[in-house]
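Enquirer: Sequence:
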Amino acid sequence: MSAIDNIIEQIESQARSEREAFEKKELARLDEVYQQKFNLLAQDKERQLKKQAQMLDKKYKQLHNRQEVEARQTILNEKQRYLEHLFVQAAEEMAAWSPEQMQDFAQQALASLDLNHEVQFISGEYSKKAYSADFIAKLNAQLPFSLQLADKIINKQAGFIIDDGGVQYNFIFENLIKDIQTTMSFDLAKQLFD
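Heads up, the sequence shown is in our numbering, so the first residue is 46 and it goes up one at a time.
In short, the hints are calculated from the structure, not lab data. Heads up, some of the hints might be wrong.
Derived Cβ-Cβ restraints for the label pairs, each shown as a range [what the hints assert, rightly or not]:
{"id": "1", "residue 1": "Lys173", "residue 2": "His130", "range": "23 to 33 Å"}
{"id": "2", "residue 1": "Asp196", "residue 2": "Ser157", "range": "17 to 27 Å"}
{"id": "3", "residue 1": "Phe190", "residue 2": "Glu115", "range": "52 to 62 Å"}
{"id": "4", "residue 1": "Glu115", "residue 2": "Ser191", "range": "50 to 60 Å"}
{"id": "5", "residue 1": "Asn220", "residue 2": "His130", "range": "11 to 21 Å"}
{"id": "6", "residue 1": "Ala234", "residue 2": "Glu115", "range": "16 to 26 Å"}
{"id": "7", "residue 1": "Phe231", "residue 2": "Lys104", "range": "47 to 57 Å"}
{"id": "8", "residue 1": "Pro144", "residue 2": "Leu237", "range": "42 to 52 Å"}
{"id": "9", "residue 1": "Gln118", "residue 2": "Gln88", "range": "49 to 59 Å"}
{"id": "10", "residue 1": "Ser191", "residue 2": "Val114", "range": "30 to 40 Å"}
{"id": "11", "residue 1": "Lys104", "residue 2": "Glu77", "range": "53 to 63 Å"}
{"id": "12", "residue 1": "Gln187", "residue 2": "Gln213", "range": "18 to 28 Å"}
{"id": "13", "residue 1": "Ser157", "residue 2": "Ala182", "range": "39 to 49 Å"}
{"id": "14", "residue 1": "Lys173", "residue 2": "Lys223", "range": "14 to 24 Å"}
Here a beta-carbon is modelled for each residue, glycine too, at the ideal position from N, C-alpha and C.
Let the hints inform the model, and build the full structure from the sequences given.
Expert: This is the structure:
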């Protein structure tokens, strides 16, 4: 071989070595870039999955909490309806009292009033038979104040009202039950449902 062929051979060998080194270096760089992008995509995918899992967990907890609140509200509504029914039933039972029971109630209620003059006794429609003129006369003999039986009645009600010149003492059974309901509902609910 001639010197020129040797030089060409060396140049080609060197070029081959440089090309192989360049290819090797470029492949390593591309592989590194690919690996970085792959890692970023994997991390992003993991973040997305984690975020979706957190959102699903949050939605589940919200749904669970909403269902618990709705269940508690339903139970509370049922208890409230039951209590309401008890109070309505109590008013109905009082309205269905015998005349003697209504008279006993009136005697006890009127004995608690601190009056010493004449007042109007206004009967409820459903109590009119129990609170007759004879019964009022009997009460007048026992009480420190005088009852005047009013001609007017309270329609569709049981019980009575004492009218002391515009100041009224309300013994209408339904109203008494409503007063009890207002003041004692919480305590009664606690006793019944706890």
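Enquirer: Now look at each hint and say whether the structure bears it out.
Expert: Here's how the hints hold up against the structure:
no. : hint                        : verdict
1   : Lys173 / His130: 23 to 33 Å : holds, 27 Å
2   : Asp196 / Ser157: 17 to 27 Å : holds, 26 Å
3   : Phe190 / Glu115: 52 to 62 Å : holds, 55 Å
4   : Glu115 / Ser191: 50 to 60 Å : holds, 59 Å
5   : Asn220 / His130: 11 to 21 Å : holds, 18 Å
6   : Ala234 / Glu115: 16 to 26 Å : holds, 20 Å
7   : Phe231 / Lys104: 47 to 57 Å : violated, 36 Å
8   : Pro144 / Leu237: 42 to 52 Å : violated, 32 Å
9   : Gln118 / Gln88: 49 to 59 Å  : violated, 44 Å
10  : Ser191 / Val114: 30 to 40 Å : violated, 58 Å
11  : Lys104 / Glu77: 53 to 63 Å  : violated, 40 Å
12  : Gln187 / Gln213: 18 to 28 Å : holds, 22 Å
13  : Ser157 / Ala182: 39 to 49 Å : violated, 21 Å
14  : Lys173 / Lys223: 14 to 24 Å : holds, 22 Å
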